[in-house]
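**Student:** Model the placement of chains B and C on the given structure of chain A, informed by the hints.
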Amino acid sequence: MLHWLVEPGLWSNSAVHLGAAVGVVVAAVSAWVGLFTVLRAQSFAGHALADVAMAGGAGAGLLAWPALVGFVTGSLAGAGAMELIGVERLRQRDVATGVVLGAATGLSALFLYLVSLDSSSSGATQVILFGSLFSVSAHVLWLVLVACALLAVGVAAIGRPLLFSSVSPEAAGARGVRVARVSLSFTAVMAVTVGLSAIVLGAVLSTALLIGPPAAALRLGRGLRATGLAAAAFGTGAVLAGVVASYDSYYWWPSHRALPVSFCVVTVIVLELAAVSAVRALARRRGDG
Amino acid sequence: MSNIVEVTGVDVEMAGRLVLSDVDFHLEAGEFAGLIGSNGAGKTTLLRLMLGLLTPTRGEVRWPSDALAQRRVGYVPQKVNLDVDVPLRVRDFVALGEDGHRYGLRRRPRSTWQRVDDVLESVEGAALAERRIGALSGGELQRVLLAHALVSRPELLLLDEPLANLDPGATQDIVELLARVRDREGVAVLLSAHDINSLIGVMDRVVYIANAHVASGRTNEVVRPDVLSALYGHHVDVVRVHGRVLVVTGDANDEAWPSHPELVVE
Amino acid sequence: MFASFMTNAWLVGTVVALLAGATGFFVVMRGSSFAAHAVPNGAFAGAAGATLVGVAPLIGLVSFSVLAALGIGASRRHRSDVATAMALVGMLALGAAFLSLSAAYEPQVEALLFGEILGVSSSQLAPVLAIAAACFVALAVMYRPLLLQAAAPDLAAARGLNATTLEMGFMLTLALGASLTVPVVGALLSFSLTVGPPAAARLLTRRPATALALSMGLSLATLWVALAAAYQSDLPVGFFVGTLSALLYVVVRLATRRRGAGA
Chain A
1 MLHWLVEPGL
11 WSNSAVHLGA
21 AVGVVVAAVS
31 AWVGLFTVLR
41 AQSFAGHALA
51 DVAMAGGAGA
61 GLLAWPALVG
71 FVTGSLAGAG
81 AMELIGVERL
91 RQRDVATGVV
101 LGAATGLSAL
111 FLYLVSLDSS
121 SSGATQVILF
131 GSLFSVSAHV
141 LWLVLVACAL
151 LAVGVAAIGR
161 PLLFSSVSPE
171 AAGARGVRVA
181 RVSLSFTAVM
191 AVTVGLSAIV
201 LGAVLSTALL
211 IGPPAAALRL
221 GRGLRATGLA
231 AAAFGTGAVL
241 AGVVASYDSY
251 YWWPSHRALP
261 VSFCVVTVIV
271 LELAAVSAVR
281 ALARRRGDG
Chain B
1 MSNIVEVTGV
11 DVEMAGRLVL
21 SDVDFHLEAG
31 EFAGLIGSNG
41 AGKTTLLRLM
51 LGLLTPTRGE
61 VRWPSDALAQ
71 RRVGYVPQKV
81 NLDVDVPLRV
91 RDFVALGEDG
101 HRYGLRRRPR
111 STWQRVDDVL
121 ESVEGAALAE
131 RRIGALSGGE
141 LQRVLLAHAL
151 VSRPELLLLD
161 EPLANLDPGA
171 TQDIVELLAR
181 VRDREGVAVL
191 LSAHDINSLI
201 GVMDRVVYIA
211 NAHVASGRTN
221 EVVRPDVLSA
231 LYGHHVDVVR
241 VHGRVLVVTG
251 DANDEAWPSH
261 PELVVE
Chain C
1 MFASFMTNAW
11 LVGTVVALLA
21 GATGFFVVMR
31 GSSFAAHAVP
41 NGAFAGAAGA
51 TLVGVAPLIG
61 LVSFSVLAAL
71 GIGASRRHRS
81 DVATAMALVG
91 MLALGAAFLS
101 LSAAYEPQVE
111 ALLFGEILGV
121 SSSQLAPVLA
131 IAAACFVALA
141 VMYRPLLLQA
151 AAPDLAAARG
161 LNATTLEMGF
171 MLTLALGASL
181 TVPVVGALLS
191 FSLTVGPPAA
201 ARLLTRRPAT
211 ALALSMGLSL
221 ATLWVALAAA
231 YQSDLPVGFF
241 VGTLSALLYV
251 VVRLATRRRG
261 AGA
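Chains as they are written, first to last, in my numbering: chain A, 1 to 289; chain B, 1 to 266; chain C, 1 to 263.
The following block holds chain A by itself, in its conformation from the complex (with noise of 0.2 Å):
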């Protein structure tokens, strides 16, 4: 069966296995940061982060360094302006915060631009906005997994402060819990993530990778733990059948084009969701009858 499901040469192909490895560590510890931010309800905010990571990466195009680093910087630079404006006392979908973000996409629009005037650096608007997981090289593994372990660390120390005051902020302070101080930690992990996931699947669709997984891990109604396990198996398992898909999608045409990578991992998500929703439903509708 596995000959039916996996193309040719997936096995020995060295730059398929690089890209599922940095793919798959990054979705681990972002189903972990993403459920927080799904239930400290900041799913904007993760986005906002995205637009600005963009910025960045297409910033460090122009600039020739590595796209990694661009996401980074950019989603850490967008983390503090919105510390600064003080993102988090607005309401979450605050049209202050997408009026200004649309300016760090517009500044992308002008970076990429400009990127793409230098014709050596052909396909830099796929690679910062979808991704070439790909491409990846070693040694952005190991950045990637050194910054991975960094974040896991981090969510570990600040973890049971974190969840409590993402549940009641007031109780938390009362107790002692410096809840702005949690708070500022996690906007920073968040955008070391987003950055991370931008690597993975691109900026525009980091988010997929960042709330997708734990938005359909919570619909399955378990404790914290269960549902972070479930979120990173969701979304490893959506990074390589993504994987796959794509390796497989080369040979489905005549044309040989595949399908980007990005897409094929987003549309598992989708699908992930959309099964979870359904059986849900299916579930509930039994109960009552």
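Any given hint might turn out to be false.
Think about it this way: if two alpha-carbon atoms lie no more than 20 Å apart in a straight line, the pair counts; the simulated SDA-like pairs of lysine to any residue are [said to hold, decoys possible]: (1) K79/B / L166/B; (2) K79/B / L141/B; (3) K79/B / S137/B; (4) K79/B / R30/C; (5) K79/B / G139/B; (6) K79/B / G31/C; (7) K79/B / P153/C; (8) K79/B / R48/B; (9) K79/B / D154/C.
The set of hints was computed from the structure by calculation and includes no laboratory data.
**Tutor:** Same frame as chain A, but now just chains B and C:
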């Protein structure tokens, strides 16, 4: 007197729980009625039911003069979430009470604006006319919501907990205002509250809600130990303390209190 | 800048900007700015799909943005922000796939994402104007119900306004407007033109009719300046729209802060 609304045999079930059970009452034209019950007793549910925002599990709500369908029922919710920057003046918002439901873009006649100003005058909110609706205090917003409900000349006005969060002085003001509005506009009023005392002087009818059941009638017919005990399903005392009425519910617990003879009523 | 081949661009740009400003007035009022982010991505997927399949772009633009909009409208009741975010991203991914399959050139991709002055060809002018006219009529018809529902949904429901009908009607209008805006301003920046100027306008006046007119006017001014600048500099239209909208909003916000809430 003719009935404006008749609620008969209504059950409302929400999330498997019977929130209202076998509710029977009616409201007559021009009556001032209080819907009295403690928090969580089902007052808001009953109001939403009457407005057609909820369907009963059993029973029905009848409007003999078809007031609801004809949009002659005004509703003043407890609060409305408003963005500070919303570009609507108080006058605009009140005018929407008259024509906000109509599709199409016919010019608003002068008479509508005149009516808006008159209604704002009658709720003592004329000074607020040009302010942004998002920039009002709680009390000011309440008057505007009242004007919004009154502008289309309703037969019945439903108010959800208008007296909550008000100090006694402000409570008095609102109740007197509502009584004046009832006299001037001839509109029936049903307002929900958890303290009966602020309304005793003004109510023609009390609709008392407890234990998912309802008792309706004149105040002195309903607020009695026998009627309320039947309602609550256990013994209830009605006590007058310095002219204020207190309904004493809950279980007897002799051990909890040290004996103070002067406090004991047996 | 005013050569004959540009008249089309100016005409379409004017119509599109006025519609974006009008629609945006209601978007901001209703708090649907996240949806306004997501719907143009539907248009993006549609345009990419149209290129792949070989039909007129307008067909793709309209069909996919309507699909996206109705989908988001239908999800309003259950955890809609996740649904909107996934629609936003899903449509973008779909568009990327279509573009990849059709071997589109990078400039094509950039034009769809960040806008192009000559984004609408003269052959499309008649249907574009017709769609825009229909949208203006729809907004006019829904004007007061939209205002009432935006300010106080409970009161609107109590007056017999069907929330679903109104929501779907408005999302449809939003989608049609997006399908016209995306070719000119780009999928990623359409939102800026729709939301930025109206957000500024509402700070400048408390009368709804004035705010609506001002939204349209500021949106028009933004697009005119963006078109002129893009023409002169060869930089993407979207860049100017995004930065000008943000600048406009920030300036107005700072200027009105001193006046206080009662203004």
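**Student:** Hints first: check each against the structure and report whether it holds.
**Tutor:** Here is what the structure says about each hint:
{"no.": "1", "hint": "K79/B / L166/B", "verdict": "holds, 13 Å"}
{"no.": "2", "hint": "K79/B / L141/B", "verdict": "holds, 9 Å"}
{"no.": "3", "hint": "K79/B / S137/B", "verdict": "holds, 11 Å"}
{"no.": "4", "hint": "K79/B / R30/C", "verdict": "holds, 17 Å"}
{"no.": "5", "hint": "K79/B / G139/B", "verdict": "holds, 11 Å"}
{"no.": "6", "hint": "K79/B / G31/C", "verdict": "holds, 18 Å"}
{"no.": "7", "hint": "K79/B / P153/C", "verdict": "holds, 11 Å"}
{"no.": "8", "hint": "K79/B / R48/B", "verdict": "holds, 14 Å"}
{"no.": "9", "hint": "K79/B / D154/C", "verdict": "holds, 10 Å"}
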